[in-house]
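**Student:** Chain by chain, the residues:
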Amino acid sequence: MVDVTKNLKVYTTYGPKTAKGTKPAIVAKMIEKAKRPLFVVGSEVLEEELLARAKAIAKKGIPVAATGHSIKGFIDEEGVDAKYINIHFLGTFLCDPKWGGLDDNGCYDLIILLGHKKYYINQVLSGLKNFQT
Amino acid sequence: MSELKTGTFSVSDLENVQINIGSIVGAIEKTAAEEGEVGPTVKPNISGLRDWDYKLLERYNPVYTPMCDQCCYCTFGACDLTGNKEGACGINMEGHNAREFMLRVITGASAHSGHGRHLLHHLIDKYGADYPLKVGQTNIIAPNVQIVTGKKPETLGDLEDALDYVEEQLVQLLACVHVGQEGEAIDFESKAMHGGMLDHVGMEISDIAQIACLEMPKADENAPLSEIGMGTIDSEKPVLLVIGHNVAGVTNIIDYMEDHDLTENMELCGLCCTALDMTRYRTEGGDVPKAKVVGTLAKELKMIRSGVPDVIVVDEQCVRADVLREAKELMMPVITTNEKIMYGLPNRSDDDVEDIIDDLKSGRDDGALILDFEKLGEVAPRLTQEMSKIRKEKGVVSLPTEEEFNELTSRCVHCLACELECPTNLPISDAMTAAEEGDLRPFEILHDKCVACGRCEQACPKDIPVLNVIEKASQKVIREEIGKVRVGRGQISDPEIREEGVNLVMGTTPGIIAMVGCSNYPDGTKDLYRIADEMLRRNYIVLMSGCSAMDLGMYQNEDGETLYEKYSAKFQKGNLINVGSCVSNSHITAAAIKVAAIFAQRNITGNYEEIADYVLNRVGAVGVAWGAYSQKASSIGTGCNRLGIPVILGPHGSKYRRALIGKPYEEDKWKVLDARNGETMDIPAAPEFLLTTAETIDEMMPMLAKNCIRPSDNNMGRMIKLTHYIELSEKYLGIIPDDWYKFVRRETDLPLARREELLKKLEQELGWEIDWNKKKIISGPTSKLDVSAQPTNVKRLCKEA
Ligand code: SF4
Ligand code: SF4
Ligand code: SF4
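The listed protein sequences derive, respectively, from chains S and E. Here this note's numbering is used: position 26 in the first sequence is 304, and no number is missing along the way. Here this note's numbering is used: position 522 in the second sequence is 510, and no number is missing along the way.
Keep in mind that the hints were calculated from the coordinates and are not lab data. Heads up, a few of these hints could be off.
Restricting the straight-line Cα-Cα distance to at most 25 Å, the calculated cross-link-like pairs of lysine to any residue (SDA-like) are [said to hold, decoys possible]:
1. S/K407 x E/C60
2. S/K287 x E/N413
3. E/K349 x E/F361
4. E/K730 x S/K337
5. E/K643 x S/Q410
6. S/K295 x E/A66
7. S/K295 x E/C62
8. S/K313 x S/D359
What follows is a set of in silico ranges between Cβ atoms, one per label pair, in the way DEER data are often shown [said to hold, decoys possible]:
9. E/Q446 x S/D354: 45 to 51 Å
10. S/L406 x E/C62: 15 to 21 Å
11. S/Y292 x E/E395: 44 to 50 Å
12. E/N253 x S/N285: 54 to 60 Å
13. E/S556 x S/Y292: 44 to 50 Å
14. S/Y292 x E/D247: 23 to 29 Å
15. S/K298 x E/E655: 37 to 43 Å
16. E/E655 x S/L406: 20 to 26 Å
17. E/R518 x S/L406: 51 to 57 Å
18. S/M308 x E/Q544: 47 to 53 Å
19. S/Y292 x E/Q169: 25 to 31 Å
20. E/G722 x S/K298: 34 to 40 Å
Each residue gets a CB set at the ideal place from its N, CA and C atoms; glycine is no exception.
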């Protein structure tokens, strides 16, 4: 597997606490350990190759929050549990322990992101970084 | 009041003190006599509408997305506020970001009000304080001024009192930014709302003053069309480019050009709102615009780098800080005309015209500050003619030649540094590769999306002037950039509101989509065309202003028509209106206020809360600032929010670092009172935000329809709105929305053509009881339909409260 941490440029919120690159195996472990993971995909996922990967990940049984108009790529897809939500709303709700989640089963403990505009998701993550409880 | 008389009196023992009560008594009597009923908040101070703000903020949560996790406002810092920690002064991340947002709002409001003050001074000087404020067919000359200050201005001079109030309040708000005072985010939020409201007063003052004095169209549904686009400029002629927002000085240039028969011999063109206001100047009654519009701020650097302008005149607000440096490279003298931008240039306001022209054309000076508009009127066009000859003789070239272009594209090492630096992360590297192979199309696409900020060039380790490369590659499309924009028509007239008000409140006109703000779009200018085209086909009223109004005019439909040519500019369902420049945004809030005043006969004088409550619950309007970038856009949006109008921003808008988002799952937040008896009514979550962002146009389309839904919709209105919500969701997201049923109060709310199908869904998926013989809903809906209900969020407005 390619070492994605090499030559990685982190495009993240400025400040004392920024994102770090990590190895795919570690990410996989984190997902495995999570009780309520959520796969958050943006509209840029609609590009063919990325969409195929997103579907493959979703089919592992992780529910999908389809933001922007990305839901278009998941309609009638067997084995994929995808729901539309606006990312700014999602970022807000994720900071609220009272939120019931997309399926009324409670809030999430891990999010996986793919296919977002960098500058936009950056802001959403900045909200989460500072205000999640 | 009757005991007070106008005049002057002295207080015994204080012989030297005289108190002049003429203007105070006069003003009070005038207000009381002319306005009749006066509401409870005449000239509210910072806390005057706090209760209303708190009501809004209880439902619409401030959501902070900090840009930077530190605060460095004072020398205690820099303080790390991550994780909502407190800084050395005790403020936390929420408080600091609310403060930051408020600062943006009052910066924007100050820009408009400062513009208004400058314009008002100038116009009173020229036309006199008694000059009448004629703005078209209306009895409510200044709805925003009236609702906030309790005054009904009739002359230019009357506007000064309202502007004094705005300025005083802005100073008070700015004082709150100082370290160590306000600690609670919610009160910074209320203050931001106050600043937003003041902004609409300041904008209104600016615009009605110029409409009245500068013979601009007056609530004119037949306002003429103007040419727009870089392709409309004849570069063979001498070209004078004007950039900014304050048209005052430019009117002297236009007059001079006309008086000296220069209009045909040279091009006068503009960027940003000055351009729009130039086209409004003396077009009352349908006269031909006297200047051309190049476009928005995003075209500033492109236009300068094209080398086409011979002279540049700047005034204020959205003008690049490097105009002088960029222009100098291409031998374009720059004239600054307003104290907000002076670029370190010598003040030549008192100098002889011939001396100024000599110094500029010889290159002794790169530019001049000229605050005397008479002088400016003569210098700018004369200098342009001279410079055109000189620049042609010298063969000033700007963009790279073919050979240079090839060398530059092959110099690229595809390191992607430029793409990371680009605010929109545009795919520059791939475009370089394609250009090397002779395919310029990727650069042409990039040209439309590029806001010409120049950041890519500074990032490039190979010193490639990326913007010049983009522009060189896009010469063909630039030549074809020719469009039409409707000249700003100003206010919505009383007769129009009288006709259309009922449709808006009942919902049979599905809503107003107000597309405002700047040009920092995520995916190019065509986005605006797509939104307007879709919503106009669906009979929404589409209002435009500022940079958005310009960009919309850049696209033609299959018949070669712009939407401005296709749709009438009357305020009526399915029509397209350009109210004007940035300061004309006040006419959008004014239209909502006038619906309450004219259709519902509500008193608006000093009665902000009641009217905002009316608008929130009954006027289905949504603002769209798809490319918002400036501080002014945040103040315009926040002013809309306090008045109960929700606003959607494009994804860049997340960098304002604060949104106002409701939580539809908090059921207790979605209730209103019925003013007839004070009883509580459940409502669906719409509008579900006051300020939020959308990722793409496709996502935003259904959001627009949904957030035009209001508790006051009658069943025909709700049916129409729900039809659009469902159809737009199906068209752009491919799904029927999850929450569509929440807007159904009765079977008659359902889209007519799909009633049966949707009744089945209600029964099978949601367990609602349906009487299939009568095709009626027996049980299920959470909100009820009662057309005579009076939805309100303000208890004091309820009869039995
Ligand atoms: S204002 Fe407060 S948080 Fe900001 S630098 Fe000063 S002490 Fe720190
Ligand atoms: S000039 Fe255009 S391409 Fe370059 S960084 Fe700015 S927006 Fe991106
Ligand atoms: S920064 Fe310069 S060298 Fe690197 S990809 Fe961009 S244009 Fe090419």
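**Student:** Hints first: check each against the structure and report whether it holds.
**Tutor:** Checked hints:
{"no.": "1", "hint": "S/K407 x E/C60", "verdict": "holds, 20 Å"}
{"no.": "2", "hint": "S/K287 x E/N413", "verdict": "holds, 14 Å"}
{"no.": "3", "hint": "E/K349 x E/F361", "verdict": "holds, 20 Å"}
{"no.": "4", "hint": "E/K730 x S/K337", "verdict": "violated, 31 Å"}
{"no.": "5", "hint": "E/K643 x S/Q410", "verdict": "holds, 19 Å"}
{"no.": "6", "hint": "S/K295 x E/A66", "verdict": "holds, 14 Å"}
{"no.": "7", "hint": "S/K295 x E/C62", "verdict": "holds, 21 Å"}
{"no.": "8", "hint": "S/K313 x S/D359", "verdict": "holds, 16 Å"}
{"no.": "9", "hint": "E/Q446 x S/D354: 45 to 51 Å", "verdict": "holds, 47 Å"}
{"no.": "10", "hint": "S/L406 x E/C62: 15 to 21 Å", "verdict": "violated, 28 Å"}
{"no.": "11", "hint": "S/Y292 x E/E395: 44 to 50 Å", "verdict": "violated, 36 Å"}
{"no.": "12", "hint": "E/N253 x S/N285: 54 to 60 Å", "verdict": "holds, 58 Å"}
{"no.": "13", "hint": "E/S556 x S/Y292: 44 to 50 Å", "verdict": "holds, 49 Å"}
{"no.": "14", "hint": "S/Y292 x E/D247: 23 to 29 Å", "verdict": "violated, 54 Å"}
{"no.": "15", "hint": "S/K298 x E/E655: 37 to 43 Å", "verdict": "holds, 40 Å"}
{"no.": "16", "hint": "E/E655 x S/L406: 20 to 26 Å", "verdict": "holds, 25 Å"}
{"no.": "17", "hint": "E/R518 x S/L406: 51 to 57 Å", "verdict": "violated, 31 Å"}
{"no.": "18", "hint": "S/M308 x E/Q544: 47 to 53 Å", "verdict": "holds, 51 Å"}
{"no.": "19", "hint": "S/Y292 x E/Q169: 25 to 31 Å", "verdict": "holds, 26 Å"}
{"no.": "20", "hint": "E/G722 x S/K298: 34 to 40 Å", "verdict": "holds, 36 Å"}
In this structure, the hints that do not hold are numbers 4, 10, 11, 14 and 17, in rising order.
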